[in-house]
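Asker: Sequence:
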Amino acid sequence: IDMLTLGQYLQPSRSHLPVQRFVHPDTFAWFAEEGYKMGFKNVASGPLVRSSYHADEQAKLAKEGLLS
1340 IDMLTLGQYL
1350 QPSRSHLPVQ
1360 RFVHPDTFAW
1370 FAEEGYKMGF
1380 KNVASGPLVR
1390 SSYHADEQAK
1400 LAKEGLLS
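Each residue of the sequence shown is one higher than the one before, counting from 1340 in this note's numbering.
Worth double-checking, as some hints may not be accurate.
[Claimed, not checked] Under the rule of at most 30 Å between Cα atoms (straight-line distance), these lysine-lysine pairs were calculated in the DSS-like manner:
(1) 1399 <-> 1380
(2) 1376 <-> 1402
(3) 1376 <-> 1399
(4) 1380 <-> 1402
I should point out that these hints are in silico values taken from the structure, not numbers from a laboratory.
Start from the sequences, fold in the hints, and give me the full structure.
Answerer: Here is the structure:
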């Protein structure tokens, strides 16, 4: 596994479960640093990050052999 994505659950509507705690973007920046230290070659970490976040850029890096 070369890529890691970390995001925050955000309540899509009032009928969904509420957010228990909003994680500050600085915490996500720390998570990213730790991910790189752990050996991940690409880390996307932030409250709005989803599994498809910048997927085009990650695919390009993989094609260029920078993720393997």
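Asker: Do the alpha carbons of residue 1376 and residue 1399 lie within 30 Å of each other, as the hint requires?
Answerer: Roughly 22 Å between the alpha carbons, so the hint for residue 1376 and residue 1399 holds.
Asker: For the pair supplied as a hint, residue 1376 and residue 1402, is the alpha-carbon distance within the 30 Å limit?
Answerer: Holds: residue 1376 and residue 1402 sit about 23 Å apart, inside 30 Å.
Asker: Between residue 1380 and residue 1402, is the straight-line Cα distance small enough, at 30 Å or below?
Answerer: holds, 13 Å
Asker: Residue 1399 and residue 1380 were given as a pair; does the straight-line alpha-carbon distance stay at or below 30 Å?
Answerer: Cα-Cα ~13 Å, so holds.
Going through the hint list in order, the structure satisfies each hint without exception.
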